[in-house]
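Q: So you can see what is in the structure, the chains are spelled out below.
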Amino acid sequence: MKNKLQALWRLFFGDSARAFGSASAILLVLLAVAPAKNYFSEWRHYQKQYLHLIRGRADAVTLERHFQGGIQQIWIPEQQVTDRCTTCHLGMKEASLADVSSVAFREHPVIPHKLTEFGCTTCHRGQGAATTVEEAHSATEQWEQPLLPAKYIEAGCGQCHLENQTGTPFLNQGRQLIVSYGCTHCHTIKQGDGTYITPDDDPPSLRHIADKTTREWVYAWIKDPQAYAGTATMPNYHLNDDDARDVSAFILAQSMPLEPPLQPVKADTKAPADPAAGTSLYGQSFCASCHAMQNAAGMMVGGNVGPELTGIGTKAKPEWLQDWVANPNHYDPGTMMPHYRFDAAQVATLTGFLESKTEPDFVANVHLDAATPEQIEHGKRLVVENGCASCHEINGIKKPENFAPELSRIGSKPLNQLVFVEGVEHSLPGYVAGKVRNPRAFGPSLKMPQFKFTPQQIDAVTTALLALTDRAQTQPPTMRIASVQQTKYQPAGNAGQLMGDLRCFTCHMINGHGGDMAPDLTWEGTAVQREWLTQFLKNPETLRPALIRRMPKFNLPDAEINTLADYMMTVYQTPEFDRDSLPVSQFTPAQVEQGRQLFYSKFACQSCHIADYKNDKGYIGPALAANGKRFNAAWVYHWLKDPQALRPGTIEPNQHMTDDEARSLTAFLMSLKSGGAQEAMKK
Amino acid sequence: MANTLDRLVDQVRENRIWRSIFRSGSGESNLRRSLFVQQNVFLHLFSVKARKRTLEFSATWYLGALTFGTFLILVITGILLMLYYHPSVPQAYADMKDLQFVVSSGVFLRNLHRWSAHAMVFLVFAHMFKVFYRGAYRPPREFNWVIGVVLLLMTLLLSYTGYLLPWDQLAFWAVTVGSNIASAVPVIGAKMRFLMLGGTAVNANALLRFYVLHCVVLPLAAIVFIAIHFWRIRKDGGIYPGESPAEGGAK
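The listed protein sequences correspond, in order, to chains C and R.
For the first sequence, the residue numbers in the working numbering are 1 to 683.
For the second sequence, the residue numbers in the working numbering are 1 to 251.
FYI, nobody ran anything at the bench for these hints, they're computed from the structure.
Just to be clear, a hint being listed does not mean it is correct.
Claimed, not checked - Non-contacting residues of chain R with respect to chain C, defined by C-beta distances greater than 12 Å in every case (computed):
1) 30
2) 53
3) 93
4) 97
5) 100
6) 101
7) 104
8) 109
9) 118
10) 125
11) 169
12) 185
13) 194
14) 196
15) 235
16) 238
Unchecked claim - Residues from chain R shown here face chain C by an in silico Cβ test under 8 Å; the list is partial:
17) 28
18) 56
19) 94
20) 105
21) 108
All of these numbers come straight from a predicted model, not from anything done at the bench.
Beta carbons: idealized from backbone N, C-alpha and C, even for Gly.
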């Protein structure tokens, strides 16, 4: 054996010439490794596989013509995109490959963007420059940002699209949750267009809290807000009994009595014996448009604009309820709740009804001794430490600035700046979702409280947060599609004051200001007839039978109705056309008949609308049975021609009618003059 | 066979073009050989004659020659890398990615440059140890030892300036730390750091400065000092042969 080795050594390195030759040969082999590695690279393997796949298909010739070998690249310098993903993902644009089982070669699902204009990593992240699977898809030593998991993919859209898109329900939901759970009371979020996300959860002021509720209730609420109302957005601070005791002591101690003080509930205006009267008034006033309440079957019924009222009798003191129902502005001038014109009897009825909605269990086990000054002092310290004043107005405590970390670029946060704990996936989405799910898991001393989110909501919030990337901040402004910003529009004069008092803008939008729960009224004066408007304000009829949320009955006196109607008919007119430009008198019966045909056959309007309560079942859009009494013909005509021009974003489709069709349909719709829904139901 | 080859070589050497370039022709005489060395711009740095003992492996372990070899590899691969590299903040790291993923044998090129750099630092130290323990630094070679120390510093500076160029986190923080160490020098520390970085932070100016140092200033200086180093070997009587032939033989 040894001899053989020696012989071998002599053969190759026996003299200097042999040694030089052998060493050269070895060097050559070693050098050949480089081009060989180049040749056997991963992407070539995928291109071969792709060719193999398409050659077996019916449209092989077309596909092969589209195929380009070698490294492919989408290069968009202004967006800093250099994406070589299409080197392996060769079937991205091939519609015929939509059914291929291998994700690598499947067609990209249809999106409204061209791959060549946006690249891949813009939305998907990962390492665009890479040409190996590992480097392109995963977090590696040289690249921190792996592919975004598919369930968060809408975060990609959210970098440019600051407005709600129908294609991104998850992102929209997440953004809505961030707004409605008041995340931005503590965290600043500046969007790419320079606007800030503002919360709309409207946390109540605590400056007069002692007038409203008891310390026992405050204690139980702080311990677990969701135990009182499952829909409560207030998070849980996991305070121990002593801390909750001291916080409730301070909260009550800082409260100052209202000016003028609440009136005691008089015995003679106590609620009437008939409990049905309260239910009925609650229903008529459409309190459920905004407030939810658990019904006898345990189902939650009602809107989420105001707080849930299932246990309101346990929470609120009777004298406060009475005061609030009569005029909410007294307790909270900034409330979203409208000022109903209830008479004394109605106030008593409604107060009695609400008082009867109790949850005695909630405070049954709370027994608190009178607070000591030390406890109050400690409570104050806790309130400051936990940043309660970030959301609530509290006497003697200023709203803290930048209480929590800014989240404007959380979607691009480098992992080395994050502290992970066990059980949290070591990735940015994992971290963000973990924080949203259970913030205190990251350390018991952390201040962020526990929000009650379902797993689906957690993913939605995570999606919305992951959209807040460096790219979203730094990309050219032309890439950005801004969200609709609220204007500061306020109507003037008496009508303006009245609209403020009635909180019209809680639900309606006018000139870009207000809520989106009810129709936009910017051009209501052009749309409707004055007589209908006054009638509607007096006693709102049902326009959309399927909705729980409806226009409440405010019990307005005639003078106020006239003020409102005059103002709306005069001011809220479109400059595009005159509301009287199409007199009904010029319509012929033939046109009406033709319109009826178009309504029922060509355009099948009855799928969504009701023209005749007896036969039609459409409930997506408003009922049109009394259309002739409600609208002006000119409005109907222009609406039919192009609904989105009159109200951007309306779901009414643009049917691209001819002028004649629109005119005939208008003639038909203007001929519908039966009563409203209620009248129809009565018959 | 061998004769034919020799004749061929002689023919080439007597060729007019060869003569015009190298000036010396063919011939077996020592005169011819020494002329060949003397009259060549590169070879004239070396001794015309060398003791056989000094050419043995044990005399130097060829450490100096190996160091020079890695330097040549670094120059060649460095020039090739320069073809793909932009010393600018938005492009530098992207160029690394291009070398890794798109340039043919780009990874090979980078790795060769990097490993050669490591090898050069190692070999320079090994060379100096060998020289030190053999006592080859003593007169008359003391000045060449000083040149060697300068070359050591240049090697380290080349290594350090090259470290920043990939413009990744490792590079950024290494240079941040390094420049902060420089700023610890009393009195002029902060000024030195400013001079080094071309600013107060590791940024575009520092990158450009390090690039120029790494690709132009330091290599040129190193070449000049290497030339002096080689030339001094000749002037100092060739490579140190050892204490005495007797000692060398006893080994």
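Q: For each hint, tell me whether it holds in the structure or not.
A: Here is how each hint holds up against the structure:
1. 30: 22 Å, holds
2. 53: 18 Å, holds
3. 93: Violated, since 9 Å does not exceed 12 Å.
4. 97: Contrary to the label, residue 97 of chain R does not stay out of reach of chain C, its closest Cβ about 4 Å off (not over 12 Å).
5. 100: Its Cβ does come within 12 Å of chain C, the nearest being 8 Å, so this is violated.
6. 101: 4 Å, violated
7. 104: 5 Å, violated
8. 109: 8 Å, violated
9. 118: The claim stands: residue 118 of chain R keeps its Cβ more than 12 Å from every Cβ of chain C (closest is about 17 Å).
10. 125: Fine: 25 Å to the nearest Cβ keeps residue 125 of chain R off the interface.
11. 169: The claim is violated: residue 169 of chain R sits with its nearest Cβ about 8 Å from chain C, within 12 Å.
12. 185: Check passes; 30 Å lies beyond 12 Å.
13. 194: 28 Å, holds
14. 196: Check passes; 26 Å lies beyond 12 Å.
15. 235: Given a closest Cβ separation of 30 Å, the condition holds.
16. 238: 22 Å, holds
17. 28: 19 Å, violated
18. 56: The hint is violated - residue 56 of chain R has no Cβ within 8 Å of chain C, the shortest such distance being about 13 Å.
19. 94: Status holds, d = 7 Å.
20. 105: Constraint on residue 105 of chain R satisfied, holds at 4 Å.
21. 108: 4 Å, holds
Violated hints for the displayed structure, listed by number in ascending order: 3, 4, 5, 6, 7, 8, 11, 17, 18.
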